[in-house]
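K.L.:
Sequence:
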Amino acid sequence: RIWVALQSPLHMHFLRVSLIVLTFCATVVPTWAGAEELHIQRYLDEPNTRVLVVEFYAKWCQPCMDAVPHWEKLRKKYWSQGLRLVVVKTQAKEPGCPNLKWQPDDSICDLNSSIGDSLKVSALPSAFLWSWDGRLLVSDARHWKEVAAQVKRFLARNPRVEVDARNARGRADRMLRKIVEAELSGQGKFSVVAGGKLEKRIQKLRRDSHRLDRREDQKCGSDGISANSLLKVEIMGKRLAITLWNEKGCQQKGVFAPWDKKRAEASVKTALHRLMTKLVRRTPQMPGGAKLRKQFAQSAITRPAASLGGSSDWSPAITQPATSLGGSSNWSPSNTTSRDFASLSVTSLPSALTVTVDGKKIGTTPLAGHPVSAGEHTVMVFNDCFVPTGKRTFFVVGTTPKFSFAPPVR
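When we follow this note's numbering, the leftmost residue of the sequence shown carries the number -7, and every step to the right adds one.
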């Protein structure tokens, strides 16, 4: 999937274009000229980001300038623990966006105050703090100390998780546990711990969970992710089950993903991605119920012509929206690359055989770059003269598996 942009959403009518390839997919993503945008979720999604500070700053604001050494010190102290700092430069007296003489993780311009207005900034200095799961911890703070206190508190209680991995027979699986712990460490959201004390504590609390005289602070509830959690990973036939248990012995979230022993890392990655999607807010929490502006990405998909060099239709389709604060209404080109599917390529001898995935016809050979969702699928080729021949395999997001078949004559 190649991300491009058109000059205006009104230009997304059917177009006729000439192609010298069979097919490809393109997704149109709008960006905006003028004021820059604050993509909070994008920062929160980055690996190893646990808390995000957004500081509004202006050179003429003396308290802002006085706070700079403290922000630098705070970032240096907690950066390795997941603190990220973004500075929003606003209300400059001189033309253009002022250059910073210090180095946060990122800086953006808000000269027309669109971002500040969206966050209901009432005065400078102003700072906001979000946790990696999208909760707003500090809103419109006037002093860096307020943010620093909440950063220290959150990182001290950032979820610590112990992994309990079991194979299909219910026995401890050390290799599976290492794969899960490595993926969690790469994400950098949870703190992965070793040892059995936490697990034994959770098991005891779980055994006590049905007691009618249970203390109020032991009762299960939906009060966010527990500071001490147990991640249970179990192989159930062709499925991988992952459940998150809190320190009170209550199951918080659970997911399933296709399991393939030969592609264990891919199976774990898919399952943990689904779990994290359930744990985070759909959109970050905003002060006073402020609304994030939605940018609907538009998808243009070519339909291959009967022969090479023919023309193809481009048709628009709405995909997942992106959200941001600020920006203007002018479109400008943007180019990036993203793939949330696998691409299947199939050849055969002879050619022109029917290709099916899980029994559904998707084309004829030779087939190139056909999108297939992640997971296990069966690919088959055949026609009236040749015996159905195929293979069942696990498809991983972003890969391009290639198959070549030579089926026998019926």
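Rather than coming from a laboratory, the hints here were simulated on the basis of the structure.
You may find that some hints are simply not true.
To be verified - FRET-style restraints, in silico, Cβ to Cβ: (1) K144 / R266: 39 to 49 Å; (2) T392 / T356: 37 to 47 Å; (3) S105 / R149: 26 to 36 Å; (4) D376 / A164: 51 to 61 Å.
Claimed, not checked - Computed list of lysine-lysine pairs in DSSO-like fashion (alpha-carbon distance at most 30 Å, straight line): (5) K383 / K394; (6) K224 / K254; (7) K170 / K51; (8) K137 / K93; (9) K69 / K51; (10) K253 / K230; (11) K353 / K230; (12) K65 / K51; (13) K254 / K240; (14) K69 / K93; (15) K112 / K230; (16) K93 / K144; (17) K270 / K112; (18) K224 / K137; (19) K230 / K270; (20) K254 / K230; (21) K230 / K383; (22) K65 / K112; (23) K253 / K353; (24) K383 / K353; (25) K170 / K224; (26) K93 / K170; (27) K170 / K137; (28) K353 / K394; (29) K224 / K240; (30) K245 / K230; (31) K270 / K144; (32) K112 / K137.
Even glycine gets a Cβ: it sits at the ideal position worked out from N, Cα and C.
K.L.:
Are K224 and K240 close enough, with their CA atoms no more than 30 Å apart?
P.N.:
Given that 30 Å is the threshold and the Cα spacing comes to 15 Å, the pair holds.
K.L.:
Compare the distance between the alpha carbons of K353 and K230 with 30 Å, and conclude whether the hinted pair is satisfied.
P.N.:
holds, 24 Å
K.L.:
Can the restraint linking K224 and K137 be considered satisfied, given a maximum Cα separation of 30 Å?
P.N.:
violated, 38 Å
K.L.:
Would you check the hint for K65 and K112, treating anything up to 30 Å between C-alpha atoms as holding?
P.N.:
Given pair K65, K112 holds - Cα atoms ~27 Å apart, limit 30 Å.
K.L.:
Confirm or reject the claim that S105 and R149 have a C-beta distance inside 26 to 36 Å.
P.N.:
holds, 35 Å
K.L.:
Please verify whether K112 and K137 have alpha carbons no more than 30 Å apart.
P.N.:
Holds: K112 and K137 sit about 21 Å apart, inside 30 Å.
K.L.:
Would the pair K270 and K112 pass a check requiring their Cα atoms to be no farther apart than 30 Å?
P.N.:
holds, 28 Å
K.L.:
Given the hinted pair K253 and K230, is their alpha-carbon gap at most 30 Å?
P.N.:
holds, 9 Å
K.L.:
So if I understand the rule, the pair passes when the alpha-carbon distance is 30 Å or less; does K224 with K254 pass?
P.N.:
holds, 21 Å
K.L.:
Between the alpha carbons of K383 and K353, is the straight-line distance 30 Å or under?
P.N.:
Satisfied, since the Cα-Cα distance of roughly 15 Å is no more than 30 Å.
K.L.:
Just to be careful, I want the Cα atoms of K69 and K93 compared with a cutoff of 30 Å; is the pair within it?
P.N.:
Satisfied, since the Cα-Cα distance of roughly 19 Å is no more than 30 Å.
K.L.:
Is the hinted pair K353 and K394 satisfied, with a Cα-Cα distance of at most 30 Å?
P.N.:
OK: K353 and K394 at ~17 Å, within 30 Å.
Checked against the numbered hints listed earlier, the structure breaks hints 1, 2, 7, 13, 15, 18, 26 and 27; every other hint is satisfied.
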